Amino acid sequence: MRHRHPVHTAAVIGALFFLSLAIVGPWLAPHDPVVPNPSLRLAPPSLTHPMGTDHLGRDLLSRILAAARVSVGIAVLVVIVAAVVGTLVGLLAGAGGRVMDGVLMRLTDTFFAFPEMIAALAVAGILGGGGPEIVFALAVVSWMRYARLVRGLTLAAAAGEPVALAKLSGVGPAAIARHHLLPPLLPALVVLMTAHVARAILAISGLGFLGFGIPPPTPEWGTMLNEARAYILSMPSYAVLPGMPVVLAALSFNLAGDALRDRVAAAGDAGR
Amino acid sequence: MIGFVLTRMGGAVLVLLGASFLTFLLMELAPGDALLAIAKARFGDSVSLDEESLARIRSVAGLDQPFLIRYARWVGDLLQLDLGRSLIDGRPVADLMAERFGRTLELALAAIAVAALLSIPLGLMAGLFQGTWFDSLCVSVATLGSAMPNYWLGILLILVFSVWLAVFPAFGRGDFEHLVLPAVTLGSGVAVTTARLLRAATIEAMAASHIAAARGRGLSETRIVGRHAVRNALVPVVTVFALELAFLLEGAVAVEYVFGWNGLGLLFVEAVDARDYPVIQAIVLLFAVLFVAINLAVDLVTFWLDPRTRVDAA
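Chains A and B, in that order, give the protein sequences. The first sequence begins at 659 in the working numbering and counts up one residue at a time. The second sequence begins at -11 in the working numbering and counts up one residue at a time.
Read the hints as simulated data drawn from the structure, not as lab findings. Being a predicted model, the structure only gives us computed values, none of them experimental. Take the hints with a grain of salt, since some may be wrong.
Unchecked claim - With beta-carbon atoms standing in for the labels, derived distance ranges:
{"hint": "1", "chain 1": "A", "residue 1": "Leu906", "chain 2": "B", "residue 2": "Ser124", "range": "18 to 26 Å"}
{"hint": "2", "chain 1": "B", "residue 1": "Val127", "chain 2": "A", "residue 2": "Leu826", "range": "17 to 25 Å"}
{"hint": "3", "chain 1": "A", "residue 1": "Pro708", "chain 2": "B", "residue 2": "Trp292", "range": "57 to 65 Å"}
Stated by the list, open to error - Beyond 10 Å from chain A on every Cβ pair, some chain B residues (computed):
{"hint": "4", "residue": "Gly(-9)"}
{"hint": "5", "residue": "Val(-7)"}
{"hint": "6", "residue": "Ala7"}
{"hint": "7", "residue": "Ile57"}
{"hint": "8", "residue": "Ala60"}
{"hint": "9", "residue": "Thr131"}
{"hint": "10", "residue": "Val213"}
{"hint": "11", "residue": "Val228"}
{"hint": "12", "residue": "Val260"}
{"hint": "13", "residue": "Asp261"}
{"hint": "14", "residue": "Phe291"}
What the hints assert, rightly or not - SDA-like, lysine to any residue: derived pairs with alpha carbons at most 20 Å apart:
{"hint": "15", "chain 1": "B", "residue 1": "Lys28", "chain 2": "A", "residue 2": "Gly787"}
{"hint": "16", "chain 1": "B", "residue 1": "Lys28", "chain 2": "B", "residue 2": "Glu40"}
{"hint": "17", "chain 1": "B", "residue 1": "Lys28", "chain 2": "A", "residue 2": "Gly786"}
{"hint": "18", "chain 1": "A", "residue 1": "Lys825", "chain 2": "A", "residue 2": "Pro842"}
{"hint": "19", "chain 1": "A", "residue 1": "Lys825", "chain 2": "A", "residue 2": "Ala815"}
{"hint": "20", "chain 1": "B", "residue 1": "Lys28", "chain 2": "A", "residue 2": "Leu785"}
Don't be surprised by glycine CBs; every beta carbon is placed ideally from N, CA and C.
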């Protein structure tokens, strides 16, 4: 029997919504999100500008929509890079023998010694703003969870009979990894990646808010919040609104991660 | 026992050595000429130095030495607690940090108090009244809270309590009133995690067989909850508070930035902004040391408190 939690369904829909917004967001924007319009500075909400305009007269709704590409899109890139690197390290550690395992896990522990946001801030700040730099800064501080997860599962799988038989039959290491080690990892990886998208969205907007994100005028939710701080007295809605999509996106991906975890656990129980 | 302690401490030292190497390596990431960047940080972007003086400064400062030699020298200085000087104002980094750390600690302790006041009663009640509307409300708020960036919560609190109600100041530090909003902002993040954990622990404790036995003996519900359930549920909370201390210091960066609280977190943002490398290195490393030390302490205390973990460790 399977329970379908309505909140989980909503969260998965929300996560898919934000993923598609990363693709179509800039096209949905009714006005140009970047070009300033000095005659319209801090205009209150109206029919043409449903959320009003920002301190440079740009339509706020358009900027929030267009920002999805950076805020969610970069988060997805971060997660993919971290997952690929972490999975490779975990596979090598789990299947590469004791010495390799010892060295790689010490390396993982060392990277774990830094609080994620502190390290990301230092790396992003020193490298200077820009998409690739931010992806590097956030992936380099977050690949370790994948490495630990994959190592544990690989150790278990490598000790199993199929892998021993494949080795005896002379199957090469790459083929063993592809056929025996990777497939059982996928469900756990997807769960971890979904929750990681939420953390990455929060981290990207956090960097942007502190002034080390994608540089203006490119719209990004955290950077917009930072720019809007100065106008909290004159236009409170501007100071608050860019934070809404951050919370909604993080919430969706968090809960979608929970939903997928429950599904994976249920599938595991059913298989037993 | 001693073997376990020594192994863990040895591991921690090794991790810290690796962390110091990564921290030093971090500065090598800096694009362009490091010396010119330092000169610009200190004297402004218009500064210009000819090749000859650049080369002379490099050799005096030892910047022309190979990477590993410079790293060894840096670690040697660190071990003598010499953190170098700020590139911006030339003050010793250790002094700067000592001055700012106290302010962050003040904020962190206040935040822990807020977190305890919020999470202990709410987490216990939610666990005791599992499945009721009160429980659902607590769970929903906690779920929302874990998706809420602390700087946005800070902005919302400033809007409500400083701009609209005008009861607390939005910026700066000093008296108790300045402490309220930043402490609530920083503390509520910890409160969310702790309350969730406490709720789960309470549910588990109430389901334990000795609770059923106590009911069977005819003890009053108050006595059962007070003497048997709450005590067991509170044990993991102590551990979590220690672990959360590390995350609190991390979260303090954004919170200090929002509220203009000039502690260590704001110093870090300023240093990264100005590319004040010695300050960045020192703060990154301090966070790593605190992180590793707190984790080590929690491991050792858990080991000491809970005999079951000793079997696993052996």
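Status of each hint after checking the structure:
1. For Leu906(A) paired with Ser124(B), a C-beta distance near 20 Å keeps the hint of 18 to 26 Å intact.
2. Against the hinted window of 17 to 25 Å, the Cβ-Cβ separation of Val127(B) and Leu826(A) comes to about 51 Å, which falls outside the hint.
3. In this structure the hint that Pro708(A) and Trp292(B) lie 57 to 65 Å apart at CB holds, the actual value being about 59 Å.
4. The beta carbon of Gly(-9)(B) sits about 19 Å from the closest Cβ of chain A, which is more than 10 Å, so the claim that it is off the interface holds.
5. Even its closest Cβ contact with chain A, about 18 Å, leaves Val(-7)(B) beyond 10 Å, as expected for a residue assigned away from the interface.
6. Taking the minimum C-beta to C-beta distance to chain A, about 4 Å, the non-interface status of Ala7(B) is violated against the 10 Å cut.
7. Residue placement check: Ile57(B) keeps its beta carbon more than 10 Å from all beta carbons of chain A (closest about 22 Å).
8. With a closest Cβ-Cβ approach of about 18 Å to chain A, Ala60(B) is found to remain outside the 10 Å limit, as its non-interface label requires.
9. Taking the minimum C-beta to C-beta distance to chain A, about 7 Å, the non-interface status of Thr131(B) is violated against the 10 Å cut.
10. The claim that Val213(B) is not at the interface with chain A holds, since no C-beta of that chain comes within 10 Å of its own (minimum 29 Å).
11. No Cβ of chain A comes within 10 Å of the Cβ of Val228(B); the nearest lies about 16 Å off, and the non-interface call holds.
12. Listed as outside the interface, Val260(B) is inconsistent with that label: its C-beta sits roughly 3 Å from the nearest C-beta of chain A, within the 10 Å cut-off.
13. At roughly 7 Å, the least C-beta separation between Asp261(B) and chain A is not larger than 10 Å, which violates its mark as non-interface.
14. The claim that Phe291(B) is not at the interface with chain A holds, since no C-beta of that chain comes within 10 Å of its own (minimum 18 Å).
15. Straight-line distance between C-alpha atoms of Lys28(B) and Gly787(A) comes to about 18 Å, which keeps the hinted pair within the 20 Å bound.
16. Between the alpha carbons of Lys28(B) and Glu40(B) the distance comes to roughly 17 Å, so the proposed pair stays at or under 20 Å and holds.
17. With a CA separation close to 15 Å, the supplied pair Lys28(B) and Gly786(A) stays within the 20 Å bound.
18. The hinted pair formed by Lys825(A) and Pro842(A) meets the criterion: a straight-line CA distance of about 18 Å does not exceed 20 Å.
19. Distance check on the hinted pair: Lys825(A) and Ala815(A) sit about 13 Å apart at the alpha-carbon level, within 20 Å; holds.
20. With a CA separation close to 16 Å, the supplied pair Lys28(B) and Leu785(A) stays within the 20 Å bound.
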